[in-house]
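Undergrad: Chain residues, written in single-letter form:
2 protein chains.
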Amino acid sequence: MKLKILGCYAATPRSMTNPSAQVLELRNRLFLIDCGEGTQMQLRKQKVRFSKIDHIFISHLHGDHFFGLPGLLSTFKLLGREKELHIYGPKGIKEAVTLMLKVGDSWTNYDLVFHELESKTSELIFEDDAIAVYTIPLEHRIYTNGYLFKEKLGERKLNIEEVRKYDIPVCDFQNLKNGKDAVLEDGRIIPNTLLTDNPPHPWSYAYCSDTVYKEDIVPLLQNVKVLYHESTFLESERRLTGKTKHSTAIDAATIAQKAQVSQLILGHYSTRYTNLDHFKAEAETVFDHVHLAEDGKEFQF
Amino acid sequence: MKLKILGCYAATPRSMTNPSAQVLELRNRLFLIDCGEGTQMQLRKQKVRFSKIDHIFISHLHGDHFFGLPGLLSTFKLLGREKELHIYGPKGIKEAVTLMLKVGDSWTNYDLVFHELESKTSELIFEDDAIAVYTIPLEHRIYTNGYLFKEKLGERKLNIEEVRKYDIPVCDFQNLKNGKDAVLEDGRIIPNTLLTDNPPHPWSYAYCSDTVYKEDIVPLLQNVKVLYHESTFLESERRLTGKTKHSTAIDAATIAQKAQVSQLILGHYSTRYTNLDHFKAEAETVFDHVHLAEDGKEFQF
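Protein sequence lines correspond, in order, to chains X and S.
Going by our numbering, the first sequence opens with residue 136, and the numbers climb by one from there.
Going by our numbering, the second sequence opens with residue 136, and the numbers climb by one from there.
Just chain X, same shape as in the assembly (with noise of 0.2 Å):
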């Protein structure tokens, strides 16, 4: 699993700070996480193959959120896109984007196909055969999602050196890859865990922006592998959490610890901090493995 930090900034772009926009790599698979303006510059400067982008997933419509999606359905269209692409976000988002490119005569000549959510409970909305997304139902000043990505369970590993053993023909691995015992020529039954390990513990990660402190979307998170969750203040500023509906680091960093992540990422840090270590510091206080987004920042897990 990899994720690229496009931007993780609060608010308006500056010079050298960019608007939430991110990459995961999952099982093969790009999925952009927010389109704030600049996004495409930042997919570039990254180096990111955007034909390798299918899905988007926009978590509200603040500007600081979703302003580089026109730009970016635009480009697609320049670089000959076909294929179709799949956007995911609050009800509106389809209305006031397409009108964007609507009043240039700038259709789109691949099929823009828009997921616009409502509920307020958390719903499946994406599957294939290796990946699951779910919302997470988050509180801001207007509606808005989290996503949580998670890795269907893989296939058992073969054990070869135990299934040669039983001399079992090739075309009987994929049963056993698949759980089932080997039932030998002579009616001697092997169990599947003698010959085969168990497959790795699926991936989950999941973007939590933007949101004050929401307690109930602990459960959601249960045990996921990596967290990336808004952290706009520092505790010095707590009193303006209430009304800004943002977290502090040490919000994030009590979510990752109820919710027994494995890893915390920070982020959506408002501009008036210089030194982001501060945030890193609050954060540990209640939990051990923080890390800090960085604009142009890759993780790998």
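Errors might be hidden in some of the hints.
Because identical chains share one entry, a pair is satisfied inside a single copy or across any pair of copies.
To be verified - In silico DSS-like pairs for lysine-lysine, Cα to Cα no more than 25 Å straight-line:
(1) Lys-255 - Lys-285
(2) Lys-212 - Lys-380
(3) Lys-300 - Lys-315
(4) Lys-180 - Lys-432
Worth flagging that the hints you see were computed from the coordinates, not collected in a lab.
Once you have looked at the hints, place chain S on chain X.
TA: Just chain S now, kept in the frame of chain X:
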């Protein structure tokens, strides 16, 4: 007159090239012309004071000329703007841009005044005591206007040595600047031309992008001081100008030469070209005073 080029490349922004946007400074007023994605980051990099921008002129509704507008308007709000802001652009701009703000419940806390344009003939769209702005109807794939910024003729300059000779009181100076003759106490009349010099020749700047070669704009541009004319292509790609409704460097230079402008700035280059010098070389076969726009470049005239 100062002109800051924020972006001067066609179509899709890349990591090192920006779409159309520029800032004209004339008589202490800042006019933003076009606003492609990332314009607000370019404004910051070029250290332009956001609060000095009160008028934005959009040529047409292709993304590379206006997708930066919703983000810029949001940032004005976050910066606490209270002054009204005027936006001039093709009909449709108001609905598209305001919908992008509306879906995020992000109303501006300042008055946003849209001046939507539909006319196919040149019209006066802005005027104050020092500047007048006219549209320049262009021919592109969609409805497009260039903009002509004309400084008004200033006051005559006092020739203070002559003025003192006749002992003219200070309270009459404004009349002299306005061109009136002086009437002395003894009844003598001193002609204004003896007491004042001509005001400086007024500056004028014409922005023409995007357009195919369109000779009927020449009368509007007659004797303009500085002309920015798009030159998307070199002669080797002339075959593309008809379908895309863009110009070559020689087209731009021909307009400059026919309109007898003082200086020509080329821009809106297709990103297929890596060496801009060819644009200058081709244009100079037709017209002498050719400059190349470059992202981040400032012209002072």
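Undergrad: Give a verdict on every hint.
TA: Hint check results:
For the identical chains of this complex, Lys-255 and Lys-285 are intra-copy neighbours only, at 20 Å inside a copy versus 55 Å across copies, given an alpha-carbon limit of 25 Å. Taking the shortest Cα distances, Lys-212 and Lys-380 sit within 25 Å of each other only across copies (18 Å), while inside one copy they are farther apart (36 Å). In the homo-oligomer, the alpha carbons of Lys-300 and Lys-315 lie at most 25 Å apart inside one protomer (17 Å), although the nearest pairing across protomers, at 114 Å, exceeds that limit. Taking the shortest alpha-carbon separations for Lys-180 and Lys-432, both the intra-copy value of 12 Å and the inter-copy value of 22 Å come in at or below 25 Å.
The earlier numbered hints are all upheld by this structure, with none contradicted.
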